[in-house]
Amino acid sequence: MRIKRLFGIGFLPVFLVLCIFLFLQSDFCPAQEVGEVDILEESSTPPPAAPTDVKAVDTPNDNGHSITVTWTLSVDDGAGLGNVVSYEVLRSDAPDGEFEVRGLAPAGEESFEDKGAKEKGDANYLPAGVDFYYKVRAKGDGLFSDSEVSAPAHAYGQWYHTGKTPVVVAVLAFSTFALVFITLARKGKKLYIRPLAGIEAVDEAIGRATEMGKPILYILGLGSADMIATIASFTILSRVAKKVADYQTQILIPCNDPINMAVAQETVRAAYLEAGRPDQYKEENIYYLTSMQFAYVAGVNGIMLREKPATNFYLGKFYAESLLLAETGSLAGSIQISGTDEIAQIPFFVAATDYTLIGEELYAASAYLGKEPILLGTLKGQDWGKAVVMIALILGALAATFNFQFFLNLFRIQL
Amino acid sequence: MRRTLPIAVVAGVGFFMLIQYFIPREEFETLYEWALDWTMVIGAFAMALGLYSLTNMMLNKVKRKSEGWGFSLVALVGLFLMIFVGLVPHYQESLRYGTLFMDIFEYIYIPIQAAMFSLLAFYIASAAYRAFRARTVLATILLVSAIIIMLRLVPLGPLSAVNQWLVNFILTVPNMAAKRAFWLGVGLGATATALKIMLGIERGYMGRD
Numbered sequence: 051m052r053i054k055r056l057f058g059i060g061f062l063p064v065f066l067v068l069c070i071f072l073f074l075q076s077d078f079c080p081a082q083e084v085g086e087v088d089i090l091e092e093s094s095t096p097p098p099a100a101p102t103d104v105k106a107v108d109t110p111n112d113n114g115h116s117i118t119v120t121w122t123l124s125v126d127d128g129a130g131l132g133n134v135v136s137y138e139v140l141r142s143d144a145p146d147g148e149f150e151v152r153g154l155a156p157a158g159e160e161s162f163e164d165k166g167a168k169e170k171g172d173a174n175y176l177p178a179g180v181d182f183y184y185k186v187r188a189k190g191d192g193l194f195s196d197s198e199v200s201a202p203a204h205a206y207g208q209w210y211h212t213g214k215t216p217v218v219v220a221v222l223a224f225s226t227f228a229l230v231f232i233t234l235a236r237k238g239k240k241l242y243i244r245p246l247a248g249i250e251a252v253d254e255a256i257g258r259a260t261e262m263g264k265p266i267l268y269i270l271g272l273g274s275a276d277m278i279a280t281i282a283s284f285t286i287l288s289r290v291a292k293k294v295a296d297y298q299t300q301i302l303i304p305c306n307d308p309i310n311m312a313v314a315q316e317t318v319r320a321a322y323l324e325a326g327r328p329d330q331y332k333e334e335n336i337y338y339l340t341s342m343q344f345a346y347v348a349g350v351n352g353i354m355l356r357e358k359p360a361t362n363f364y365l366g367k368f369y370a371e372s373l374l375l376a377e378t379g380s381l382a383g384s385i386q387i388s389g390t391d392e393i394a395q396i397p398f399f400v401a402a403t404d405y406t407l408i409g410e411e412l413y414a415a416s417a418y419l420g421k422e423p424i425l426l427g428t429l430k431g432q433d434w435g436k437a438v439v440m441i442a443l444i445l446g447a448l449a450a451t452f453n454f455q456f457f458l459n460l461f462r463i464q465l
Numbered sequence: 008m009r010r011t012l013p014i015a016v017v018a019g020v021g022f023f024m025l026i027q028y029f030i031p032r033e034e035f036e037t038l039y040e041w042a043l044d045w046t047m048v049i050g051a052f053a054m055a056l057g058l059y060s061l062t063n064m065m066l067n068k069v070k071r072k073s074e075g076w077g078f079s080l081v082a083l084v085g086l087f088l089m090i091f092v093g094l095v096p097h098y099q100e101s102l103r104y105g106t107l108f109m110d111i112f113e114y115i116y117i118p119i120q121a122a123m124f125s126l127l128a129f130y131i132a133s134a135a136y137r138a139f140r141a142r143t144v145l146a147t148i149l150l151v152s153a154i155i156i157m158l159r160l161v162p163l164g165p166l167s168a169v170n171q172w173l174v175n176f177i178l179t180v181p182n183m184a185a186k187r188a189f190w191l192g193v194g195l196g197a198t199a200t201a202l203k204i205m206l207g208i209e210r211g212y213m214g215r216d
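Going line by line, the protein sequences match chains A and B.
Under my numbering, think of the first position of the first sequence as 51, with each following residue one higher.
Under my numbering, think of the first position of the second sequence as 8, with each following residue one higher.
What the hints contain is simulated information worked out from the structure, not anything from laboratory work.
On a predicted model such as this, the values are computed, not experimentally measured, just so you know.
Certain hints may be false.
List time: in silico DSS-like cross-link candidates among lysine-lysine, alpha-carbon distance up to 27 Å [stated by the list, open to error]:
id, chain 1, residue 1, chain 2, residue 2
1, A, Lys436, A, Lys421
2, A, Lys264, B, Lys72
3, B, Lys72, A, Lys358
4, A, Lys189, A, Lys105
5, B, Lys72, A, Lys332
6, A, Lys293, A, Lys240
7, B, Lys68, A, Lys189
8, A, Lys189, A, Lys165
9, A, Lys168, A, Lys214
10, B, Lys70, A, Lys264
11, A, Lys239, A, Lys105
12, A, Lys105, A, Lys240
13, A, Lys358, A, Lys332
14, A, Lys214, B, Lys186
15, A, Lys165, A, Lys214
16, A, Lys165, A, Lys105
17, A, Lys264, A, Lys358
18, A, Lys421, A, Lys239
19, A, Lys293, A, Lys358
20, B, Lys186, A, Lys358
21, A, Lys264, A, Lys332
22, A, Lys214, A, Lys105
23, B, Lys186, A, Lys436
24, A, Lys436, A, Lys214
25, A, Lys293, A, Lys332
26, A, Lys421, A, Lys237
27, A, Lys168, A, Lys105
28, A, Lys293, A, Lys421
29, A, Lys332, B, Lys68
30, A, Lys421, A, Lys240
31, A, Lys332, B, Lys70
32, A, Lys436, A, Lys237
33, B, Lys68, A, Lys264
If we strip away everything but chain A, and leave its shape as in the complex, we get (with noise of 0.2 Å):
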């Protein structure tokens, strides 16, 4: 009766249970199968290995508000389980106090650079001279270990940035060249400094206009004052200017910047005053324009349309606008002296203009304007300079295919 029992109404869930089970083993319910399997796979997996020797230190070549982070990595990481898919980076100012995430480094990595704002309202303010305490932790399918809390370590800035090494011998050792090559030049030695065609054609340029009685045009470009082509093109307008005055022709100077169009009245009116012609100076022809690139352009066309004056020369920093002007002068048929160290800019100045003088020669050109001795000993250094940097693209070129990693370390620059 029992065994009656059993199989009439016992069997019967029995049997029931064992079709559901059957069933969510079969192929018919899949996403059931996968989730069960991993409910399983999870709760039998240990979390990753930590992290050990975790070590916390300054950043070194900074300004005092970051700390380098390092471990090794945990033996799960790429071999053991292989569980571990990030190391996340805690912080805390108390060995036992409360640790907040300061970021998240990729499995694999090493180390983390925990770099804070300097300003004191910032959420991630991270103050200098204040010790703190890491700790990282190993991240793995839900599951996490964390490291041995590290020593303190705190941040501070550093009064020389010892990445930047070769640049100061480079300085140092230019410096030098030119230093020397200044003091020969002052003691009177004959320096030898190669012609420059464009420079050579200033004169006959200025001789120009003043025979066709037509004025100069004299384009800054359109960089700022603290720019170092702009600051050479004052040294040349200096030069140009007092060429003209002694010339007694007219020069204009449309500027796009109201300093460079104040830095330009003052260099002109010197060299006015230097040429003893003061009274020539006419302020009203050396004006500001506009800031606004192509409204500049639109401006100085129209000028070169209207005055058609006998030689233009564009000395400066020059972006687009540079062959709409150029083009604008040759079809106004004047004489063009061109310069700049864009490098961009230069193949439409020597296709549209007489005279190109490219990159270290528009900075040259107001020493060779000048003929002054001390200036051509600066230039004669710069020759010196390029002979050593020569040299040095030679040897680095044989280090590099022979592997002598030594010699190229020493050029290595960390900004």
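Please arrange chain B on chain A, whose structure you already have, making use of the hints.
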């Protein structure tokens, strides 16, 4: 004194700017940022100077009825109109779309600027015509190189692979070598110029002694 003081200021500021590059400390960073702020302040004051210069020159042209005085009148009207619509009626909203200020900027100024820029295409053609005339060996090399580079985007069938190799060679070997030589020269030249200015050897930009 009138000569020594400006040179001392230039030398002092120049030397500070040089050494701050090698000192990463916060105090030096702050001083550097402070110096940059000052250049902006000076720039803002200089803008008033520029505005005076521009207005004065344009007014004189209009008064004297010099050649092209009508353009000066348009420039003056444009200048004061933009100041008026930008400041007076919509001061708070002048930089929002839909205001008269932004409409003038967007529908008049930007198209004029685009027209000016588009002239560059025609000027490149005329300049290229002059530059690429094969009168000398160097001009011929330039012409051939330019043709190879320009053909890069043209489908040439089996020749495309050869042309692509040539383009890569031209850009990465002779072109890159010339560019690097240029940059090295510019770097040394800039250092020499800075040195000349800091030592007071070059003073042409300072005006009167």
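Going through the hints against the structure:
no.: 1; hint: Lys436/A / Lys421/A; in the structure: holds, 21 Å
no.: 2; hint: Lys264/A / Lys72/B; in the structure: holds, 20 Å
no.: 3; hint: Lys72/B / Lys358/A; in the structure: holds, 18 Å
no.: 4; hint: Lys189/A / Lys105/A; in the structure: holds, 19 Å
no.: 5; hint: Lys72/B / Lys332/A; in the structure: holds, 19 Å
no.: 6; hint: Lys293/A / Lys240/A; in the structure: holds, 25 Å
no.: 7; hint: Lys68/B / Lys189/A; in the structure: violated, 75 Å
no.: 8; hint: Lys189/A / Lys165/A; in the structure: holds, 22 Å
no.: 9; hint: Lys168/A / Lys214/A; in the structure: holds, 22 Å
no.: 10; hint: Lys70/B / Lys264/A; in the structure: holds, 23 Å
no.: 11; hint: Lys239/A / Lys105/A; in the structure: violated, 60 Å
no.: 12; hint: Lys105/A / Lys240/A; in the structure: violated, 61 Å
no.: 13; hint: Lys358/A / Lys332/A; in the structure: holds, 19 Å
no.: 14; hint: Lys214/A / Lys186/B; in the structure: holds, 24 Å
no.: 15; hint: Lys165/A / Lys214/A; in the structure: holds, 21 Å
no.: 16; hint: Lys165/A / Lys105/A; in the structure: holds, 16 Å
no.: 17; hint: Lys264/A / Lys358/A; in the structure: holds, 7 Å
no.: 18; hint: Lys421/A / Lys239/A; in the structure: holds, 13 Å
no.: 19; hint: Lys293/A / Lys358/A; in the structure: holds, 20 Å
no.: 20; hint: Lys186/B / Lys358/A; in the structure: violated, 35 Å
no.: 21; hint: Lys264/A / Lys332/A; in the structure: holds, 15 Å
no.: 22; hint: Lys214/A / Lys105/A; in the structure: holds, 26 Å
no.: 23; hint: Lys186/B / Lys436/A; in the structure: holds, 15 Å
no.: 24; hint: Lys436/A / Lys214/A; in the structure: holds, 20 Å
no.: 25; hint: Lys293/A / Lys332/A; in the structure: holds, 15 Å
no.: 26; hint: Lys421/A / Lys237/A; in the structure: holds, 15 Å
no.: 27; hint: Lys168/A / Lys105/A; in the structure: holds, 23 Å
no.: 28; hint: Lys293/A / Lys421/A; in the structure: holds, 14 Å
no.: 29; hint: Lys332/A / Lys68/B; in the structure: holds, 15 Å
no.: 30; hint: Lys421/A / Lys240/A; in the structure: holds, 11 Å
no.: 31; hint: Lys332/A / Lys70/B; in the structure: holds, 18 Å
no.: 32; hint: Lys436/A / Lys237/A; in the structure: holds, 24 Å
no.: 33; hint: Lys68/B / Lys264/A; in the structure: holds, 19 Å
Hint compliance for this structure: hints 7, 11, 12 and 20 are broken, all remaining hints hold.
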